[in-house]
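> So you can see what is in the structure, the chains are spelled out below.
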Amino acid sequence: MHNVLMILRREYLERVTKKSFWIGTAVFPLLMVVLTTLPMMLVGLGGNDQKTIALVDATDKLYDPLVKELSDKKLKDGTPRYAIEKVPLAGTLESTEQSLEPRARNGKLFGILTVAKDIDAKDAFTFYGKTVGDIRSTEEIQSALRRAAIELRFANANIAADKGVVDKLLAPVDMETREISKEGGSTKKNFLTAYFGTFAFVMVLFMTLLLYGIAMMRGILEEKTSRVMEVLLGSVSPQELMTGKILGIGLVGLTQVGIYAVTAGVLRVYMGAKMSGTDMGGILSTFTLTKLAFFLIFFLLGYFMYVALFACVGAVCNSEQEAQNYQAPITWCLMLPMIATIFFVGQPDSTISVVVSLIPIFTPMVMFMRICVQMPPAWQIALSIVLTTAFTWLVFRGAAKIFRIGILMYGKRPTIPEIMRWARS
Amino acid sequence: MDAAISLRGVVKAFDDFRAVDGITLDIPQGEIFGLLGPNGAGKSTTIRMIMDIIRPDTGTISVLGKPSTENVRHHVGYLPEERGLYKKMKVLDVLSFQGSLTGATPAAARVEAKGWLEKLEIADWADKKVEELSKGMQQKIQFAAAVLGNPPILILDEPFSGMDPVNQNLFKDRILELNRKGTTIVFSTHQMETAERLCKEIALINKGQLVLSGPLAKVKEGFGRNSVLLEYEGDGAFLSALPGVARIDGYGSYSEIRLETGADPQAILRAVAGRLKVTKFEIVAPTLHNIFIEKVGATNVGVLERVGDA
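Protein sequences, first through last, are from chains L and E. Heads up, the first sequence is in the working numbering, so the first residue is 1 and it goes up one at a time. Heads up, the second sequence is in the working numbering, so the first residue is 1001 and it goes up one at a time.
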């Protein structure tokens, strides 16, 4: 017991006092925020040049409404973002458009918009541009065009409709989704907040399990290659060594998760009120104490199961390259539920979700996802915990034996059947 | 219990290769015991089994009367042949950690570690990282790691390899000092001269089998005083062709001549008298070096000779 504590102490102190631990802890959430918001920000960034659009309008009625609709789109310096150049029809629409193409090619024109005589016909509106990938601009133009065209349709149908009426008629119909909770009443929740709220947690679970599993494996490989292992085994038994390492690295993981939990809690208290109603507020409100408690339970279950598996990989391999092969199936078991998050969040009580969440190797990830979205029946949670604990116990027993035999094997790498034989011996 | 360590019919095979093939051996308490043998003889495997790092296929091992499987590690300090220290840790931290594994509290282990750093004349390096040290320095740290906690038995696998003469001496003095205080020292080596000077009792292993064991003096006696040490000036090439010479271990101006049974040393003296300028002629028991070569070189390994009784 003393030796286990001493091994634990060294593992914990060596890892927690490293700068890389703190940098990693700080960078990981930042990275997640950046990765999710950066693409949106980049799309919204837009150029800072006025874009000229040539309008070839066979109806000859859309120029004024279109200019009016686009007039509120301004650049930073206040000049309009779009300049519309009215080009008279010369011959057909196509030939007029073709005569303008050289100007588009050399960049003088952002695009050419053609409008057929009959605006109700299919393909009545066409936009030719050099960079149709500028989603923001094409979307702004399209929405302006839509309003302008609808006004024209009203006029054509002899319905007097000014902008105010059109706006009213075009107002979106939103449906708010509220989840009926067990305690009675309902909470405002939609798929997106459910998805992101769950995803954030699952991501942290996935990353920490993978990170610490691999840290365990690396640690053992390093001790093997530097021959520290033999010195250690001169002082402690393989079981003591394995237990000490698993607990020590686990404690590092808990420290990190604890830092995240406290941060999320603080964020919720200080920013929850300010942001309530927004999507971010919705996501923050999903960080409840119950969820944190379940997170802790499934983190621990998953941690012991996966770290023992990774320990076996470390024990039977001689280098990280070798370990890649053995590590892959374990990593996949962690990754598959991640990839399928959208399914489990969407259908948390489907038969597939229930069955998968009861398979020990998937339980920590999948059962936790289900809990996040919709509380499963208590017996299912209890059963999953019992099954996973039993499975982890078996893995541990096997791992201790594999550890003992594999740890001093240098040279020849054992085959999977050999490893299984060790585990049972 | 008389023996510090005793092995009974110990066998360990790796796949088809029998690394240790039925060794029965008693290592007496309080002695300096030499576990000798050529490279690959099974010395390190035997030691690893004593440490319960690997387990024998058959046979039993006991340490201070207790089966080795009952966690006897804390009675035994171990310096493995392949040195291994956490490279990124500071010297004092490594030693404190190793010391704490002998049952001491981290604080107490730190104090003891400091003491050993001073005894081994490396106290100035306490705050350096292990990777910054030279090989010889690391060896000292490793030695300190083995002796921390003052174990009653100390197993040293090739302790002198890669050390300069000054440090070899320092090590030797520390080992002798520990032995005087009652520590049983087991050391494994293929350097016969060191073994001959240090060990009171030896066991010679070859191809996983015990070839020879017993107190060094009796082992040598068993070979009889039938060797001649000859120092000379001149060309000694003819020596090996002399009648009565079984084998010769020549170094140019120094030769150890092993005589055939019943051959007369005086006949050798007479034969060389006219042809070489003899500066030294001595009738001795063979050196351990020559016993080693004779036994290991012999083809019929497996014939156990137990010489004398401990």
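The hints are simulated quantities; they were obtained by calculation from the structure and are not laboratory data. Don't be surprised by glycine CBs; every beta carbon is placed ideally from N, CA and C. Any given hint could turn out to be false.
[Claimed, not checked] Here's a subset of chain E near chain L, in silico, CB distances under 8 Å, partners left out:
1. I1053
2. V1072
3. Y1078
4. P1080
5. E1082
6. G1084
7. S1100
8. Y1254
9. S1255
10. A1273
11. K1277
12. V1278
13. K1280
14. V1284
[Claimed, not checked] Derived CB-CB ranges, DEER-like:
15. L:L394 with E:R1008: 47 to 57 Å
16. E:K1128 with L:P29: 29 to 39 Å
17. E:E1177 with L:E222: 30 to 40 Å
18. E:V1111 with L:L5: 13 to 23 Å
19. E:V1111 with L:L296: 49 to 59 Å
20. L:L394 with E:D1057: 57 to 67 Å
21. E:G1059 with L:T351: 37 to 47 Å
22. L:T25 with E:G1162: 50 to 60 Å
23. L:R424 with E:G1059: 53 to 63 Å
[Said to hold, decoys possible] To list a few chain E residues with every Cβ distance to chain L over 12 Å, as calculated:
24. D1052
25. S1096
26. K1128
27. L1148
28. P1152
29. N1169
30. K1181
31. A1217
32. E1256
33. I1283
> With 8 Å as the cut and Cβ atoms as the points, is E:K1277 at the interface with chain L?
Status violated, d = 52 Å.
> Against chain L, with CB atoms and a cut of 8 Å, does the hint on E:Y1254 hold up?
At about 39 Å, which exceeds the 8 Å cut-off, the nearest Cβ of chain L leaves the hint on E:Y1254 violated.
> Determine whether the non-interface label on E:N1169 survives the test: each CB of chain L must be over 12 Å from its CB.
Non-interface label stands for E:N1169: nearest chain L Cβ at 24 Å, farther than 12 Å.
> Can the hint on E:Y1078 be confirmed by a CB-to-CB distance to chain L that is less than 8 Å?
Because about 3 Å separates E:Y1078 from the closest Cβ in chain L, which is inside the 8 Å limit, the hint holds.
> I want to verify a distance hint. Is the separation of the beta carbons of L:T25 and E:G1162 within 50 to 60 Å?
At 42 Å between Cβs, range violated.
> Answer holds if the nearest beta-carbon of chain L is closer than 8 Å to that of E:P1080; otherwise answer violated.
Check passed: Cβ of E:P1080 comes within 5 Å of chain L, closer than 8 Å.
> Checking a non-interface call: every C-beta of chain L should be farther than 12 Å from the C-beta of E:S1096. Is that right?
violated (9 Å)
> Would E:K1128 pass as off the interface with chain L, using Cβ distances and a cut of 12 Å?
The claim stands: E:K1128 keeps its Cβ more than 12 Å from every Cβ of chain L (closest is about 17 Å).
> Do the numbers back the hint for E:S1100, that is, is its least Cβ distance to chain L under 8 Å?
With a minimum Cβ separation of about 4 Å from chain L (threshold 8 Å), the hint on E:S1100 holds.
> Given E:G1084 was flagged as interface, is its beta-carbon under 8 Å from a beta-carbon of chain L?
holds (3 Å)
> Can the suggested window of 29 to 39 Å be confirmed for the beta-carbon pair E:K1128 and L:P29?
holds (36 Å)
> Can you let me know if the beta-carbon spacing of E:V1111 and L:L5 is within 13 to 23 Å?
holds (19 Å)
In this structure, the hints that do not hold are numbers 2, 8, 9, 10, 11, 12, 13, 14, 15, 19, 20, 21, 22, 23, 24, 25, 27, in rising order.
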